[in-house]
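So the protein sequences, as listed, match chains Z and F.
Residue numbering for the first sequence is 19 to 638, as defined by the working numbering.
Residue numbering for the second sequence is 19 to 638, as defined by the working numbering.
No lab work stands behind these hints, which were simulated from the structure alone.
Result set (EDC-like, lysine to aspartate or glutamate): computed pairs, CA atoms no more than 20 Å apart in a straight line:
| hint | chain 1 | residue 1 | chain 2 | residue 2 |
| --- | --- | --- | --- | --- |
| 1 | Z | K354 | F | D383 |
| 2 | Z | K205 | F | E52 |
| 3 | Z | K354 | F | D385 |
| 4 | F | K527 | F | E567 |
| 5 | F | K354 | F | E387 |
| 6 | Z | K354 | F | E457 |
| 7 | Z | K310 | F | E139 |
| 8 | F | K354 | Z | D385 |
Simulated coverage check for chain F against chain Z, where a stretch passes if three residues somewhere in it have a Cβ under 8 Å from a Cβ of chain Z:
| hint | stretch |
| --- | --- |
| 9 | 67-80 |
| 10 | 107-114 |
| 11 | 120-128 |
| 12 | 170-179 |
| 13 | 219-229 |
| 14 | 428-440 |
| 15 | 451-458 |
Covered by chain Z, according to a simulated footprint, are these stretches of chain F (three or more residues, beta-carbon under 8 Å):
| hint | stretch |
| --- | --- |
| 16 | 182-191 |
| 17 | 564-574 |
Heads up, the beta-carbon is just placed ideally off N, CA and C, and yes, glycines get one too.
2 protein chains.
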Amino acid sequence: MERKEFRDLASPEEAHAAIDSLSLEGGLERVSLENARGRVLAARLDAELDVPGFDRASLDGYALRAADTFGADEADPARLEVVGEVHAGEEPDVSLEDGQAAEISTGAVMPSGADAMVPVERTDVDDDTGDVLIRTSVAPGDNVMFAGADVAAGERALGPGTTITPRDIGLLSALGIDEVPVRAPPKVGIVSTGDELVRPGGDVASERGEIYDVNSYTIAAGVEDAGGEAVLYPHAGDEQDEMERILREAATECDLVLSSGSTSASAVDVIYRVIEEQGELLLHGVSVKPGKPMLVGRLDDSAYVGLPGYPVSAMMVFRTFVAPAIREAAGLPEPKAATVSGTMAREERYGEGRMRLLPVGLVEDSDGETLVYPVDKGSGATTSLAEADGVVEVGPETDYLEAGESVTVRLFSPDVRPPTLLGVGEDDPTLNRLLDRLENPRYLSVGSRPGVRRFREGVPDVAVVAGPLDRDLEADELGRWNREWGLIVQAGNPHELDGLGDLVDRDLKFVNRTTDSGLRSSLEATLDELAADRDESASELREAIDGFELGLRAYESPARTVIAGDADVALGLRETADRLDLGFVPVGEQPVRILATPDRTSKTGVRELEGVLDGDLEDV
Amino acid sequence: MERKEFRDLASPEEAHAAIDSLSLEGGLERVSLENARGRVLAARLDAELDVPGFDRASLDGYALRAADTFGADEADPARLEVVGEVHAGEEPDVSLEDGQAAEISTGAVMPSGADAMVPVERTDVDDDTGDVLIRTSVAPGDNVMFAGADVAAGERALGPGTTITPRDIGLLSALGIDEVPVRAPPKVGIVSTGDELVRPGGDVASERGEIYDVNSYTIAAGVEDAGGEAVLYPHAGDEQDEMERILREAATECDLVLSSGSTSASAVDVIYRVIEEQGELLLHGVSVKPGKPMLVGRLDDSAYVGLPGYPVSAMMVFRTFVAPAIREAAGLPEPKAATVSGTMAREERYGEGRMRLLPVGLVEDSDGETLVYPVDKGSGATTSLAEADGVVEVGPETDYLEAGESVTVRLFSPDVRPPTLLGVGEDDPTLNRLLDRLENPRYLSVGSRPGVRRFREGVPDVAVVAGPLDRDLEADELGRWNREWGLIVQAGNPHELDGLGDLVDRDLKFVNRTTDSGLRSSLEATLDELAADRDESASELREAIDGFELGLRAYESPARTVIAGDADVALGLRETADRLDLGFVPVGEQPVRILATPDRTSKTGVRELEGVLDGDLEDV
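Here chain Z stands alone, though its shape is the one from the complex (with noise of 0.2 Å):
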């Protein structure tokens, strides 16, 4: 079998139109009215009854024939024989004849003979005869609802694609219907290959170089997102027949078949083998990037899109040309909520000739603008998902976007709410412990020094920077704490560690931070102290240190290198060390500070995070 090869990559309207062409629908079932909240109706649904189906008293009061209160007034009262009551979920027993009244209450039918109704404070009763006395002259149909006044029979209720909302759960119980026909969600089939994915919950075995599925769950919660009923698919691994037999399966069982990672070539192959068997490919490879191994196709009377395998790619991919297609399948078209305008925080430059998705993240400025960021961790962090809140369209022909410009921004999901707050800087536990407290912050722990480099440039609203800080920086503190750092070894200090100077002088696996963290500036500042006292050069101490150059980039990872025996000493925090039962030996404090943009300290998200930092650490 030959590969086939496409010349030249379709455009992104063309490949819009490609998935417009394939058909997508669930068809329809019934769902009961308990069911119905957010479902789409398939069909027109006219009243089968009248409502009210009766006559019915609007007020508590006696019902009556008006021609006998023509002329009654407060002053001249008619005066009527009462013979009987009637209330609401009774058939009346009584009839009126001239001259005849009947207590009635809220709600209830009508007596036949009567074509109007008084309430109850217009008139009096005469105690000595029992007749009431009607202080107030009324027309026919006075204080009467008729049958079908609200909804006649044959009336049109709700039309088709209605999205069924609880007022419209209001409307059809009126009308009694307990079960209705909707649109049945189109059915998703996802298929994820790689002999490397394990699914959550399971063991990776990392030596083997294992990692977790990423693509399968997150595209299933967009599928779900957009109005469709998403079907994972086992995985397959790499094995041909498996995995034939597992497309052909979807293409059976959905309305669309979606496979992701299949960047191996022999998922290639079996995808094509199984499109030109039983379907058609429509296109192969879209000028966009990413996506630009993007596939469609048909499979069966199933249709089928392949989407890149890194996570973001994937999303962005799905989230514009793939959910869509869902949405109007669904009957479900995107809410407004789903776009957000904002002004680039940075200028961005391209210049590739193809369409670029711009993975970005949201922040409010200080007049409640939303800026824009591109988020580049490269394509294949998953953490730029976390970052990252929706996608930029940016043309083939734009070279670039500046500074303040314009964009669109489709947010991965309606649901997505841009952070109240944005913070960078150190990793540090009292600050994790400080934003669970708030309400929706976003903090990207890229250590202290990448920190304050974007902060300068003017994004984040906040930075955390642990240790000494190298230049004057252009900011507010809104508070700050000491904390303790020093070396952590394993419980009981089994190699009796003293201090730093144990560290050089010994034959110890030492486990350090990332130049990024202010730890490690510490632990270099009191290493050039320590040369300065043994008069040494700095450079000696450190390359007198096993380990020292290998930096772990977070605050507990090196702590955990000590628990796993992969060192015996680690850089850390005594808080740390206590946490995990670990052994502590003291070097220092240093401060943790949060400093904030000064033009951004009036914004809400900043003002929360200043009261908090207002009460008691201690207690945090």
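Based on these hints, arrange chain F on the given structure of chain Z.
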């Protein structure tokens, strides 16, 4: 037992405070990742492992020691011995020494001894020796993603209170987390009482004044919209013991109990007794219209709120006072889209000294501005529900809202979409089918005359007028069709009617349409002609027709009366007679005209309607 009387009504602020003082929280639960979308995280989740869990090749190419490439370039490549290969999902079975390289695929584990990799594009293979020629120099770490570089063990991943969206599911997947602690939705029990209520799907005995229960399902849907879990309790009727048992059961099982429609004296008595014995009444009566009879209290450990009985009132009070408290307890802040701004389409007067909850509908004007119009069909009308999009709070100090004044509308639910087209006027079967083809229309079948009146007031986009038009109307006619009208009789025309003359001359029971309808106008005009022909007065002719004054609201209602055997002859359309298999005696034809407000003709919904009208109406 005495009934507690409250002399003063609570202010709306006190009502909010009373509900806020109750605890509605539903506790915690654990859900699988597949069911986590839209749920609210109950605790912070930290990374328990490094992502990636190993040093990972970022590209296809060769793993090597960076030092071996120093100085290499296109002209002078470095030659390395290839000692093995590593694929994704495999444990490396090689270890590199100086001068060695291993073939490696994207995502594979870097073999020990290697500290960088070179992409295949920058290499050549010497076919004779099998050695690889490296045409570039790299630094340690190049093209390698180190373990923990994406997420490091111990890092804060997601904070408490996060509403889980697809991108968060991506991050959780990457961390291998397949189950998350989330807030349980507040459990809200709904108890509705009233002997006259029947659940939808059951049979209503209209002769006894039974009606379908509207509030139970409507409020249940509202509860779920706000993030709660609704539990419907069986109807208790008005029997005190049964009702008490159900109230106590709901209080035991739920975080909040809502009752509605408990307007009968006995129901109120039971609620008071149960609250006094097992709880606390916080307030009775709120200074708001509608909603004055609202109750707030505690039943055992459950919160309790009593809602008004009429559906629109119940919805408005629920939306204003209860839904925000449920959202708060669920941790789901109200989406921005649940509130819209607009301008009043016409003046509205108050001056009642208490807060008014005004049910309103929305329509876009020619400039895309949202016009807000009050919906006032009496709170007993369930059709108000279908016409109302939300509620405007009018403060007690406000005497009137001016036309053009800005108001804030709380939509009944975030899913409510204002209609794309607002039409008013005659009801007609062809029109109903036309409406089915539009995106999201709202049509109020108030009849031709009231339609014209509303059209003149400037709120609707189009009016649909059947029969003669009294006065000139400034409007663009978008389209028209003719309909044949006449007398509908039993199949086979058993009374052998010929035309209108028989109605006047013979002893037949007739059923008419309301005077609002164009059908009635045509009937009256034709009778006037008959009177002139016979040289009689029109009023004599009308009086001679038994049932002439009784008019029904919808075009099918009179025909249904004939089917029910309650009349011999009905005013109606040939299409109705055909559809219902009845006999038809033609009398005349009348035009149905669709008229648009001139400055709304460019509105999308109006253009869409015009497009449908331009098609072949026979096919509709």
